[in-house]
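Undergrad: Chain order of the listed sequences is S and C.
The first sequence begins at 1 in this note's numbering and counts up by one.
The second sequence begins at 200 in this note's numbering and counts up by one.
Keep in mind that the hints were calculated from the coordinates and are not lab data.
Among the clues, some could well be false.
[Claimed, not checked] Calculated cross-link-like contacts (lysine-lysine; reagent style DSSO-like; alpha-carbon spacing at most 27 Å):
| hint | chain 1 | residue 1 | chain 2 | residue 2 |
| --- | --- | --- | --- | --- |
| 1 | S | Lys109 | C | Lys578 |
| 2 | C | Lys615 | S | Lys118 |
| 3 | S | Lys118 | C | Lys276 |
[Claimed, not checked] Just the calculated beta-carbon pair ranges, DEER-fashion:
| hint | chain 1 | residue 1 | chain 2 | residue 2 | range |
| --- | --- | --- | --- | --- | --- |
| 4 | S | Thr119 | C | Arg346 | 44 to 54 Å |
| 5 | C | Pro611 | S | His161 | 38 to 48 Å |
| 6 | S | Lys109 | C | Gln539 | 37 to 47 Å |
Yeah, the Cβ is synthetic: ideal placement off N, Cα and C, and Gly gets one too.
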Amino acid sequence: MRATIVAVAAALAFGALAPAGGAKEQRCPKAWVSGWQQLANKVNAPVYCPAWMPNPLDARIGGEWQDIYSIDKDRSYLVSFLYHGDQGTGDVHVNFRGYPGQMAIPRCKTIISVNGTKTRRGTTPCFADAGGTRKAGGIVATVYTVNQDADQWHVLYAWRHDGSLYTVSEHVIRPYTYRQVVRNLDRLLASLVLVQPAR
Amino acid sequence: MQITRRGFLGGAVAGALGGAGLYELVDRLTQAPKRPLAAPPPAGLAAEQHVIDLRTVHSEGVEVIVPPLHSEVVTAKLDVADLRRAQRDLEDALRELDGRFAPNPAGLAVTVAWGLPYFERYVPAQWQAHRPHDRRADASALLPPRRFPSDPHDTILESNDVAIFLRIDDARKLLFDGLGFLKTTSIRRGFAGGGFEGGQGLPKQMAVAAGVPGADLIPDGSELFLGFTSTQKSGLGPRLIANHETLGYVDVRGGYFRHGTHMHLSHIAEDLEAWYLNFDFDERVLTVFRPGMTNVRQGAQTVPQGPEHVSTEHQVKHQFRTTGRFGHSASIQSTSRLLQDFVATDGSVYPKGTAIPQRADFNTLDNPFAWTATPGRDKFKAEAAAGVHFVVFNPSSDDFARNRLAMDGHLPDGTKLELPPRGRAQGINSVLTTTHRQNFLVPPRRHRSFPLAEL
Numbered sequence: 001m002r003a004t005i006v007a008v009a010a011a012l013a014f015g016a017l018a019p020a021g022g023a024k025e026q027r028c029p030k031a032w033v034s035g036w037q038q039l040a041n042k043v044n045a046p047v048y049c050p051a052w053m054p055n056p057l058d059a060r061i062g063g064e065w066q067d068i069y070s071i072d073k074d075r076s077y078l079v080s081f082l083y084h085g086d087q088g089t090g091d092v093h094v095n096f097r098g099y100p101g102q103m104a105i106p107r108c109k110t111i112i113s114v115n116g117t118k119t120r121r122g123t124t125p126c127f128a129d130a131g132g133t134r135k136a137g138g139i140v141a142t143v144y145t146v147n148q149d150a151d152q153w154h155v156l157y158a159w160r161h162d163g164s165l166y167t168v169s170e171h172v173i174r175p176y177t178y179r180q181v182v183r184n185l186d187r188l189l190a191s192l193v194l195v196q197p198a199r
Numbered sequence: 200m201q202i203t204r205r206g207f208l209g210g211a212v213a214g215a216l217g218g219a220g221l222y223e224l225v226d227r228l229t230q231a232p233k234r235p236l237a238a239p240p241p242a243g244l245a246a247e248q249h250v251i252d253l254r255t256v257h258s259e260g261v262e263v264i265v266p267p268l269h270s271e272v273v274t275a276k277l278d279v280a281d282l283r284r285a286q287r288d289l290e291d292a293l294r295e296l297d298g299r300f301a302p303n304p305a306g307l308a309v310t311v312a313w314g315l316p317y318f319e320r321y322v323p324a325q326w327q328a329h330r331p332h333d334r335r336a337d338a339s340a341l342l343p344p345r346r347f348p349s350d351p352h353d354t355i356l357e358s359n360d361v362a363i364f365l366r367i368d369d370a371r372k373l374l375f376d377g378l379g380f381l382k383t384t385s386i387r388r389g390f391a392g393g394g395f396e397g398g399q400g401l402p403k404q405m406a407v408a409a410g411v412p413g414a415d416l417i418p419d420g421s422e423l424f425l426g427f428t429s430t431q432k433s434g435l436g437p438r439l440i441a442n443h444e445t446l447g448y449v450d451v452r453g454g455y456f457r458h459g460t461h462m463h464l465s466h467i468a469e470d471l472e473a474w475y476l477n478f479d480f481d482e483r484v485l486t487v488f489r490p491g492m493t494n495v496r497q498g499a500q501t502v503p504q505g506p507e508h509v510s511t512e513h514q515v516k517h518q519f520r521t522t523g524r525f526g527h528s529a530s531i532q533s534t535s536r537l538l539q540d541f542v543a544t545d546g547s548v549y550p551k552g553t554a555i556p557q558r559a560d561f562n563t564l565d566n567p568f569a570w571t572a573t574p575g576r577d578k579f580k581a582e583a584a585a586g587v588h589f590v591v592f593n594p595s596s597d598d599f600a601r602n603r604l605a606m607d608g609h610l611p612d613g614t615k616l617e618l619p620p621r622g623r624a625q626g627i628n629s630v631l632t633t634t635h636r637q638n639f640l641v642p643p644r645r646h647r648s649f650p651l652a653e654l
């Protein structure tokens, strides 16, 4: 709790919790902000905190739904939230990525098995098949429909801010169809709040 | 049992129209392709039932055949006591339709195909004496259906007596009722094209209207759900090539089935989300056509597949060794295209690379059928699903099987390109699920009604 208060205080002091866009002021929810602030501090770059998440997820890092929390040596990060519908209700899976200081679409490794014995290794763009853009809160995001690794079978929105690449994606799987996932991502995009690292 | 003209075609079709209002959207979303108005049939109808002449247009610089907007297949089992009377009644009904509608999709194109159960149950002795014989397989040209390596273990192998294939643009022409002596087992409906005259293709409009998962991902203008044009002229067998006798694959013996052909009918479910969310455009091209095909414009839908683009068996193997993949078209072409120039028995010259199968498949939102007599067995669901009713004419069951096996990497020389049957490296195979299969024999027009019953 103390950390949260400190983080929020620090954020306010430095204007860290600015809305991503401008028209409608969003705030990173109080219960979630400390985790995103810590992430911003760790990667020493702004990160995007969502003010809304698809049911039943929340975006509390360290909370009930957090799945992956990974920061690479190059400061790129992946934070994901996952609800496993073990009772047949379907999964809900949302990924947030950031690539501080990198603007290019990263490349992912591919491995193809040949004749069941040999393997061919290569790389492919991690995000591909760009299909239009979405605008919300000052962000202009490109929609990618074919994505790799943790974003495989996800629809992914990618955008650039201040020299860095950011993405948010959601898995297309029951209970959500492609169309519903796009709707969710639109809402997510509009809810993003930029969290600046504490100085 | 008296069969009326209304009784023949009508009932099945009327049932389909009544039960699947969704397909009425086809007429609202597009206009029938411009074709000559239905006219009285020419003095001499083609000897073949399966041949219809369709106009062509150019799509992305490639000549493509404009497919019929609407297609339907009605399958049935027979409940006939007096076979010869049924034969007369059916033929009378067909002739009445011949006189009323031109035999093309602007009128009414009807192909009556008969399953092995009909021949074995109703005319077994005559069948033994006259059945066309596949020389390469040293077996009947009509074989029981089989499962192929990438088929699920529960693909249903059907045993219908008859299938009536209707290719029509305007469903309103089919206001009939009552099927009479045919016990309908399924009604399968669908559509194709609609995008060649400009604007959005039917598949996307229909799938979006039906709320099919992944519908929004279908490219605008696409002829088929999976995004590529499949009716380019050079990719389909020319007029008579699929006849039993044309290429000499089949011995028609006494000639009863000369001008006949073989029809394979299957239903294939298509996972659009898996296709469009896992394979980017470049990979879709590689898996649908051939590995190494890197010069295709992003978003292209009609990719030339003329004789000069045909892959040989050797090339397919080489591509597999170097990339770990093989293309859908490339592998099938190793068996579906002529390996050398061929002069047919009627003197027609077919150049090397000419396609043999005549495909007549169409998109469907049936799940798996518009109507079925056995909903439990067929896993019938009312909610729409993307798929294809795959209809193809080949000289024989074995010829079809060779093509279908090649699609799974089993090449004509016995080579097996080892990939998991439904693995991701199989590309398009990994998003297709065949639910039903059956083979049929399409008699020549003169014997289309209860073939062999008169002997």
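Undergrad: Now tell me if each hint is right for this structure.
TA: Structure-based check of all given hints:
no., hint, verdict
1, Lys109(S) to Lys578(C), "39 Å, violated"
2, Lys615(C) to Lys118(S), "16 Å, holds"
3, Lys118(S) to Lys276(C), "50 Å, violated"
4, Thr119(S) to Arg346(C): 44 to 54 Å, "30 Å, violated"
5, Pro611(C) to His161(S): 38 to 48 Å, "56 Å, violated"
6, Lys109(S) to Gln539(C): 37 to 47 Å, "44 Å, holds"
In summary, the numbered hints that this structure violates are 1, 3, 4 and 5.
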